Structure formats: structure tokens, C-alpha cells
Amino acid sequence: MSLVDESFELKELQVLEGHADRVWSVAWKPATGFDGVPAVLASCSGDKTVRVWEQSPSSGSFQCKAVLEETHTRTVRSCAWSPSGKLLATASFDATTAVWEHVGDDYECVSTLEGHENEVKSISWNASGSLLATCGRDKSVWIWEVLPGNEFECVSVLQGHTQDVKMVQWHPNMDILFSCSYDNTIKVWAEDGDDDWHCVQTLAEANNGHTSTVWALSFNATGDKMATCSDDLTLKIWGSDLLTIQSGNGSAPWKHICTLSGYHDRTIFSVHWSREGIIASGAADDAIRLFAEDGDGLVDEPKYHLLLKKDKAHDMDVNSVQWSSAGNRLLASASDDGTIKIWELISLAGDQKPPL
Amino acid sequence: MAASSEPNSREDIFDSSLNLEETHLKEGYNEGYADGLVSGEEEGRQVGLKTGFEVGEELGFYRGCIDVWNSAIRVDSNCFSSRVVRSIKQMEELLNKYPISNPEDESVSDVMDSLRLKFRAICAILNVKLEYNGYPKSSDGGNIQF
Numbered sequence: 001m002s003l004v005d006e007s008f009e010l011k012e013l014q015v016l017e018g019h020a021d022r023v024w025s026v027a028w029k030p031a032t033g034f035d036g037v038p039a040v041l042a043s044c045s046g047d048k049t050v051r052v053w054e055q056s057p058s059s060g061s062f063q064c065k066a067v068l069e070e071t072h073t074r075t076v077r078s079c080a081w082s083p084s085g086k087l088l089a090t091a092s093f094d095a096t097t098a099v100w101e102h103v104g105d106d107y108e109c110v111s112t113l114e115g116h117e118n119e120v121k122s123i124s125w126n127a128s129g130s131l132l133a134t135c136g137r138d139k140s141v142w143i144w145e146v147l148p149g150n151e152f153e154c155v156s157v158l159q160g161h162t163q164d165v166k167m168v169q170w171h172p173n174m175d176i177l178f179s180c181s182y183d184n185t186i187k188v189w190a191e192d193g194d195d196d197w198h199c200v201q202t203l204a205e206a207n208n209g210h211t212s213t214v215w216a217l218s219f220n221a222t223g224d225k226m227a228t229c230s231d232d233l234t235l236k237i238w239g240s241d242l243l244t245i246q247s248g249n250g251s252a253p254w255k256h257i258c259t260l261s262g263y264h265d266r267t268i269f270s271v272h273w274s275r276e277g278i279i280a281s282g283a284a285d286d287a288i289r290l291f292a293e294d295g296d297g298l299v300d301e302p303k304y305h306l307l308l309k310k311d312k313a314h315d316m317d318v319n320s321v322q323w324s325s326a327g328n329r330l331l332a333s334a335s336d337d338g339t340i341k342i343w344e345l346i347s348l349a350g351d352q353k354p355p356l
Numbered sequence: 001m002a003a004s005s006e007p008n009s010r011e012d013i014f015d016s017s018l019n020l021e022e023t024h025l026k027e028g029y030n031e032g033y034a035d036g037l038v039s040g041e042e043e044g045r046q047v048g049l050k051t052g053f054e055v056g057e058e059l060g061f062y063r064g065c066i067d068v069w070n071s072a073i074r075v076d077s078n079c080f081s082s083r084v085v086r087s088i089k090q091m092e093e094l095l096n097k098y099p100i101s102n103p104e105d106e107s108v109s110d111v112m113d114s115l116r117l118k119f120r121a122i123c124a125i126l127n128v129k130l131e132y133n134g135y136p137k138s139s140d141g142g143n144i145q146f
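Protein chains in written order, with UniProt numbering: chain A, 1 to 356; chain B, 1 to 146.
Keep in mind that the hints are not guaranteed to be accurate.
[Claimed, not checked] Simulated restraints on C-beta separations:
id, chain 1, residue 1, chain 2, residue 2, range
1, A, Ala204, B, Tyr33, 22 to 28 Å
2, A, Glu151, B, Glu41, 53 to 59 Å
3, B, Gly28, A, Asn118, 46 to 52 Å
4, A, Lys65, B, Lys129, 33 to 39 Å
5, A, Thr73, B, Leu59, 31 to 37 Å
6, B, Cys79, A, Lys11, 33 to 39 Å
Since the hints were derived computationally from the structure, they do not count as laboratory data.
These numbers come from a predicted model, not from an experiment.
Beta carbons are placed, not taken as given, at the ideal position from N, Cα and C, and that holds for glycine.
Can you make the complete structure from the sequences, with help from the hints?
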């Protein structure tokens, strides 16, 4: 499907209100939003709660189905569903990570992971749901193994970043962990047999890397490309040889492919790559931008162009943007203004110009 | 400029006045060096005592924890998961590796960092909060190591 020739519009479907403070992050529940299964979205906030929203099959609008409260004692910074959708992990400034299970009509906290010295910033489940990674202001990255009975055992504590670690993200196919930090670098962590995790690569300024805090990273559907966003106002695309990654023989080094600069004039807090190949970014200028790969770029030197810019997507900083994986072109965004917005990417017919 | 009573010491007078600055510089340097040597040694002794105590206390704490854990394993070999047992063994190896008699060994900070990480990981699995006064936190701006 060519995204080059079409014009698009990002249509605002709904504004989800309810949180009493800034919304930091949103996460779509896997395996929902298609085949008759209503789409489900989790959001977490500075109001110390997590909300679960479900789309009504009849009206299509999202309603708040559950409020997960009275567990975290400070801001909930990040939330992530396990690949099966059975568990929801939430990371908080109270230095704990809570794991919730859907029990009947409600969500029950089945486990609390402690260990970080202070604010936990991000969590990520690996593709098989057997490992969970967390990171935080104490500069460390923790890897936990998921054991039967909702037990979690710490596998490794990884030190390497010299500053606050903003986000961790597992590779979509392999058990390789990526982290990005206030120290301007992205680190790649791999296991060398028996719980022996260590940093196999650091993408720093010298490798064409970012020159300021790296806030987020996101992989494309095939896992051979990664997008990172930063306080340095750029988005960077990195690539690795897919075959080498999958063969598991030694490490497959990541290389800088291109830098998208000049599109943002304020910090970019979030980046997410859709299964179709559209990169969404959320920034401190309250706008959402979408990028796609040029049709005429070279295989080794792909180029990206701005698909559209949604000015004033929110009234304040956009903290998180997330595409639904259900193939319905829905995008959720979370903001300092306390709301979540649901958008739909609509392709406009032929020569119709998108409204400004 | 005082004149000397000896006629053949004229050159000496000029020499000494020309070298006045250099002489005083040298004197001052020697004085400072001597004072510095004394106070530096004293300060070094203080620092060494303090650091030695802190390192010793931390290592001793880990030794104590490991000994208790090993005793528990001896009583009931199934009390901990295999991962914990392995981690405790690794921590013990690190502890034994610490160059306690040679503080100038370059690996001291690496071994100590590894020890702290292992300890934190084990505490997390065992779900225990083990700390003592002065327990170093990586989030602190300060560093107990000099």
C-alpha cells in the first residue's frame, strides 16, 4: 500500500475525560478492536490512577470501564499490557511496578515489583510475555522473569546509563532490550547465556546519535528499523540487518539511517511506528505529526516525509501517541491537559485537499 | 642596599640582590612543600581511615548476608530458587575477589559496583529490604568513594 500518493486527515473521534491530572501514557490492549472484540485502551496519570476504556460496539464511543486506584501512591508514569492481554503492568513514581489482572468486572493488583530506588519511568513486556523490563530515574534497567502464579523474579539489574532512563522497549521478535535516556544515548542489552545480560551496543552522539535526552523509541513491524525521538528536536531512524538479528549469531549492530530535522520546534516526547509504516510523533508544541517513507527512496537510504501535522491536537504537551495494532488506523494520544484523544487516520479520495 | 665592608664581596652583594626573588621563591616553595607533606600525610591518613572503614563495613555487611543465606541453604537446599542460589554464589565469588589488601588495585570500584548490583537483585527476588546506615544509593549525587 503506497502512502506516498494519498492525502490524509487525522480525524478527532473522541475526547476521553476523567483523569484529574496530566495523562502520561496510553496502551492499547492486544487482540482487541477487531473481529467483534471491542477495542480497549489503558491510560495512566499524575492523579495516581490507571483508567481502562472500552469502545462500545453499538455507538463506537469509548467509555471508562475501570479505574485502578488506591495502589500507587504517586504518579503512574507508564502502563503496558502483556502480549496476551491478561496482565497490565503499571510503573509509578512511587518506585514500584504493579501488575494487574482482569478479574470479573474489575482489575486486581496481583503483584508489586520493588527494587528501583526511585521513580520508575517505563515498562515493557517481551514478545512472548516471559520477561518484563523496567527502568527509572536511578539510572538502572531491571529485567524480571514472569513465573507461574503471577510471580516475578528479578533476573538482572543493569547499570550503564549515566542518567535517568526514560524508556525501555523489547525488540518485537527477539529477546533484545533497548533503553533510552537523559544521557542522550540508546543502549542495546542482550543475554549471554544464563541471566548474564549486558550492554552490547550504545548509540551515542558519535554514532550520529541524539544530542539531548532521548525520550522514546519504537520499532517498525518487521523489527529491522527503529525510530527514536529526542529533546534535540529530531527523529532518528536506525536500521539493523534483519537476518543477522534473527540468526542470533553475535550481535546485529544498529546503524543510523536518517535524521528527520526541521519538523519539530519543541521537544518530541513520544514516537510510535504503526504496523502500516506510519510514524506518529507527539511533542511539547501540543501537535501530532505523521511521517511515512518516501516511495522513491533507495533501499539502503530510505527517506521520510511529513504526511500531516495536527496543530493544537491538545491544549498542552502531548506526552504519548500510540497506534492501535488492530489495523483500524486508530491513534490514541495523551496530554498534560488531562485528556486522551482518539483519532482516526482517514485517507482522502483522489485529488481532494485535506482541510487545514 | 647595605654595603659590605669587604671590597671583594661586591659581586656577592649584587648576586644576592639579583637572586632575591628566586631565593625567596625557593624558600617559600620548600616551606610549603614541607608543610604540605606533613598535612597531606595526615589528611591521607584520615581519608584512608574513613574510606577503609566504609569499605570494610560494606563488605562485612555483604559477608554477613551471604553467610546467613548459605546457612539457610545448608539447612534446606530448596528454600531458594536455583536463580537465587546461583546469584548468591556469584556474589560470594565477587566478595572473595575484592582486593581488600590492595586499595590501589584498579578493579576495586568495578568489583564494588558489581557487588552492589548483585545484592540489589538478590534482595529484590527475596523481597527483603536490607540496608544499613550509609548504604550507598546510586541515585545520590554524592559518592562515598574518593
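Which numbered hints turn out to be false for this structure?
1 and 6
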